[in-house]
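A.B. asks: Below are the chains, spelled out letter by letter.
Number of protein chains: 2
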Amino acid sequence: MRALVVGGAGFIGSHLCDALLKEGNHVVCIDNFSLGTKKNIEHLEKNSRFKVYETDATELSGLCRVFAEERPDYVFHLAANSDIQASGSKPEVEYKNTYTTTFQILSCMREHGVKKLFFASTSAVYGDKRDVLLDEDTAGLAPISYYGAAKLGSEALISAFSYMNDMEALIFRFPNVIGPRLTHGVVFDFINKLRKDPKHLEILGDGRQTKPYIYVADLVDAIMRFKDTRQPGVTLYNVGAEGETGVTRIADIVCEEMGLDHVRYSYTGGEGGWKGDVPRFRYCTDKIHAAGWSAKLTSDEAVQRTVRNNI
Amino acid sequence: MRALVVGGAGFIGSHLCDALLKEGNHVVCIDNFSLGTKKNIEHLEKNSRFKVYETDATELSGLCRVFAEERPDYVFHLAANSDIQASGSKPEVEYKNTYTTTFQILSCMREHGVKKLFFASTSAVYGDKRDVLLDEDTAGLAPISYYGAAKLGSEALISAFSYMNDMEALIFRFPNVIGPRLTHGVVFDFINKLRKDPKHLEILGDGRQTKPYIYVADLVDAIMRFKDTRQPGVTLYNVGAEGETGVTRIADIVCEEMGLDHVRYSYTGGEGGWKGDVPRFRYCTDKIHAAGWSAKLTSDEAVQRTVRNNI
Numbered sequence: 000m001r002a003l004v005v006g007g008a009g010f011i012g013s014h015l016c017d018a019l020l021k022e023g024n025h026v027v028c029i030d031n032f033s034l035g036t037k038k039n040i041e042h043l044e045k046n047s048r049f050k051v052y053e054t055d056a057t058e059l060s061g062l063c064r065v066f067a068e069e070r071p072d073y074v075f076h077l078a079a080n081s082d083i084q085a086s087g088s089k090p091e092v093e094y095k096n097t098y099t100t101t102f103q104i105l106s107c108m109r110e111h112g113v114k115k116l117f118f119a120s121t122s123a124v125y126g127d128k129r130d131v132l133l134d135e136d137t138a139g140l141a142p143i144s145y146y147g148a149a150k151l152g153s154e155a156l157i158s159a160f161s162y163m164n165d166m167e168a169l170i171f172r173f174p175n176v177i178g179p180r181l182t183h184g185v186v187f188d189f190i191n192k193l194r195k196d197p198k199h200l201e202i203l204g205d206g207r208q209t210k211p212y213i214y215v216a217d218l219v220d221a222i223m224r225f226k227d228t229r230q231p232g233v234t235l236y237n238v239g240a241e242g243e244t245g246v247t248r249i250a251d252i253v254c255e256e257m258g259l260d261h262v263r264y265s266y267t268g269g270e271g272g273w274k275g276d277v278p279r280f281r282y283c284t285d286k287i288h289a290a291g292w293s294a295k296l297t298s299d300e301a302v303q304r305t306v307r308n309n310i
Numbered sequence: 000m001r002a003l004v005v006g007g008a009g010f011i012g013s014h015l016c017d018a019l020l021k022e023g024n025h026v027v028c029i030d031n032f033s034l035g036t037k038k039n040i041e042h043l044e045k046n047s048r049f050k051v052y053e054t055d056a057t058e059l060s061g062l063c064r065v066f067a068e069e070r071p072d073y074v075f076h077l078a079a080n081s082d083i084q085a086s087g088s089k090p091e092v093e094y095k096n097t098y099t100t101t102f103q104i105l106s107c108m109r110e111h112g113v114k115k116l117f118f119a120s121t122s123a124v125y126g127d128k129r130d131v132l133l134d135e136d137t138a139g140l141a142p143i144s145y146y147g148a149a150k151l152g153s154e155a156l157i158s159a160f161s162y163m164n165d166m167e168a169l170i171f172r173f174p175n176v177i178g179p180r181l182t183h184g185v186v187f188d189f190i191n192k193l194r195k196d197p198k199h200l201e202i203l204g205d206g207r208q209t210k211p212y213i214y215v216a217d218l219v220d221a222i223m224r225f226k227d228t229r230q231p232g233v234t235l236y237n238v239g240a241e242g243e244t245g246v247t248r249i250a251d252i253v254c255e256e257m258g259l260d261h262v263r264y265s266y267t268g269g270e271g272g273w274k275g276d277v278p279r280f281r282y283c284t285d286k287i288h289a290a291g292w293s294a295k296l297t298s299d300e301a302v303q304r305t306v307r308n309n310i
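The listed protein sequences correspond, in order, to chains X and F.
Oh and the first sequence: position 85 is 84 in numbering that gives the first Met the number 0, straight run, nothing missing.
Oh and the second sequence: position 149 is 148 in numbering that gives the first Met the number 0, straight run, nothing missing.
Quick caveat, the hints were computed from the structure, so don't treat them as lab data.
Some hints could be false.
Heads up, the list lumps identical chains together, so a pair's fine if it works in one copy or across two of them.
Said to hold, decoys possible - With a Cα cut of at most 30 angstroms, we get these calculated BS3-like pairs of lysine-lysine:
no.: 1; residue 1: K226; residue 2: K89
no.: 2; residue 1: K115; residue 2: K286
no.: 3; residue 1: K114; residue 2: K286
no.: 4; residue 1: K95; residue 2: K274
no.: 5; residue 1: K274; residue 2: K226
no.: 6; residue 1: K95; residue 2: K114
no.: 7; residue 1: K115; residue 2: K274
no.: 8; residue 1: K274; residue 2: K114
no.: 9; residue 1: K21; residue 2: K50
The following block holds chain X by itself, in its conformation from the complex (with noise of 0.2 angstroms):
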C-alpha cells in the first residue's frame, strides 16, 4: 500500500515509517519539522520506498498537493502538538497544531477519495476521571487541558467525516507514550536534570501522581496488528500496558538505571504536575485484549527500557 504517515518525522511517526516499511509498504512522510527531526528519519533516506515532504498540515493547498502527487490509500495522522505541558499557555497551538490539522487532513481525504485514516488520539479526552476504570463507553467525557480538547475534537470531526464520506477509521486513545526518541514528559525531564545535578531530583507536583505508560514498539506494533479495521465508521480501541507508575517510582527508575544512589527528591507539591494535567487515572484495555492483542511490556517495564534507551 502507499501510505502517508502525517507527523512522520516524530517520536511515534518515525517508528510507524520504520514498521511500514518493514511490512513492505511505500511510505510517504509529510513533516513541518517543529517537533519532529531530521534525525529521526535519516537512516530511511536511501530507502527507495520512502519519501518526504517538508509540509505544514495546517496548510490545505500543500497538503493537498501532496495527495494529488502521492495518491495515498492510507493515511495515518498523528500531526499534533505533543506537549500538553507547553499549550497550557498558549491553546491556539492545540486549534492550528492538532485540531486543524486534522480537518486538513480530512478535507484532502474526501477530495481525493482516500478511505482509510489511523488517528492517534489519546486518554486525554476523558479529563479527570481519577476514580473511574476508563473504557470506550465511559461517558461524560470533560477534557481538562486543550490538547485533551482539540484531540476530542478531532474524534468528532473523523466520526463526522467517516460517515459522509464512507471512510474506514481507526482511532487508538493511549496513555504516555515513551521509548526512543522521545523528546519530553517525565522520564524525559528526570534524566535530563540528573546528568545536571546527580545529587538532587526536583519532582513537579506531589509524586503521587500514577498514570500508565506505554512503550512505542508496542503501540506501534498494535497500529500495524490493527490498521486494516474493514469495518465501515469509527474504529476505537483504548490501548495501553498492564499496571501504572507513580512518579516517584519513575524518579526510583531513572536513578537505579543511571547508577545514582541517595540521590535527593524534593517536590513541588500540588496533586498535579501542572494545571491541566490529569494527576493519576487507571485504563481499561479489556477491547484490545479481547480482539487478541496485548503490550509485551508492562507500564514499569515501559519506563525501564526507555530510560536504558535514552542514557
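For this one, chain X is given, so just place chain F on it according to the hints.
C.D. replies: The following block gives chain F in isolation, referenced to the frame of chain X:
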C-alpha cells in the same frame, strides 16, 4: 449585567436579546449578518441599553476589540452555521462558523477575564442513536454531520477553557428549534412550498423522520432561568419539549393551519431527509425537569404555533 450575545441578530439570538433587555440588562449584540438579519433586531435599535457590532466572530482581533470596549460580564454564544443540510457539502463552513467562533470567543474570554458563558449546543452531538433515549450521560457520542462534529468539538473546548480559566459555562443541547424569525428547516420549507403550490407537497425522505421540536420562546425562557449556574466548570442540560413530531404530521399541521385540503404528498424516499440527517430520536429531559423547568408547548404545539406565526 453587561451581556454579549454573539450571533445576536440570528433566529434564537435575537429572541434572547429581547429577553435580556426585558430583564433590564445591557446587551451588546455581535453578528456578521450572514444568517442573522437587521430585521430581527430593528425593533431594538432605539433601546439605549442595546448596541450592535457588525463583527465576524471568526476574526480574533475584531472580536477582542469589542471585548475591550464593552467589558461584558456574560457571553451568550449563539454564533454558528445553523443550516446542517447546507454544510453537508461544505464542511469548511462548520470549521469556520461553528468551531472557530467558539475558539475565538473562548480566547477573548480568557484574555479579558470573562467568566460566564452560555453555549447553544445540539442534539446532533449524539449522532444516530435512534433506539436510545438520549440523556446527558449517553456515551459514545458519534456525530454524523459536520455541524454535530463542530458543536461537540466546541463543547470539548468549553470543558478545557472553563477548567483552565475558572469559568462557569452553561451548555444546552437542544433539538430543532422553531418559532418566529425561523430561516430554514422542515416547517419553514413546507410553508414556502405550499405557498408556491397549494395542491402538492414534496417531502424529503419517507416522511417517518420523527424528532422533538421546541418553541423558541420556551428555549429562551430556559436560558434566562438557568443562566446563573453558580457552578464552576460546565453545567449541561438537554432542553426539549414533550413528545416528538413526525414529518408527515408536520405536513398535516401546516396544511390544516394554512387551510389547505386534499394536498397530495410525494416522498423522495429514504430514511433521512439528507445525508447527515438523524432520522429519528427521542430526548430525555428529566434532568432539567428535576431542576424545576419544563417547556410550555409540546412538540406538536410548537409546530402549530410556528405555522401560525409564519403564515
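A.B. asks: Taking the hints in turn, state whether each one holds.
C.D. replies: Verification of the hints:
Taking the closest pair of Cα atoms, K226 and K89 come within 30 angstroms of each other only across two copies (29 angstroms); inside a single copy the shortest separation is 33 angstroms, beyond that limit. Only within a single protomer do K115 and K286 lie at most 30 angstroms apart by alpha-carbon distance; the minimum there is 21 angstroms, versus 39 angstroms between protomers. Taking the shortest Cα distances, K114 and K286 sit within 30 angstroms of each other inside one copy (24 angstroms), while across copies they are farther apart (40 angstroms). Both within a single protomer and between protomers do K95 and K274 lie at most 30 angstroms apart by alpha-carbon distance, with minima of 21 angstroms and 28 angstroms respectively.
Taking the closest pair of Cα atoms, K274 and K226 come within 30 angstroms of each other only across two copies (27 angstroms); inside a single copy the shortest separation is 34 angstroms, beyond that limit. Proximity of K95 and K114 under a CA criterion of 30 angstroms is satisfied in both settings, with 24 angstroms inside one chain copy and 24 angstroms between copies. Taking the shortest alpha-carbon separations for K115 and K274, only the inter-copy value of 20 angstroms comes in at or below 30 angstroms, while the best intra-copy value is 36 angstroms. In this assembly of identical chains, K274 and K114 lie within 30 angstroms of each other by CA distance solely across copies; the values are 18 angstroms between and 38 angstroms within a copy.
Only within a single protomer do K21 and K50 lie at most 30 angstroms apart by alpha-carbon distance; the minimum there is 15 angstroms, versus 64 angstroms between protomers.
When held up to the earlier numbered hints, the structure conflicts with none and fits them all.
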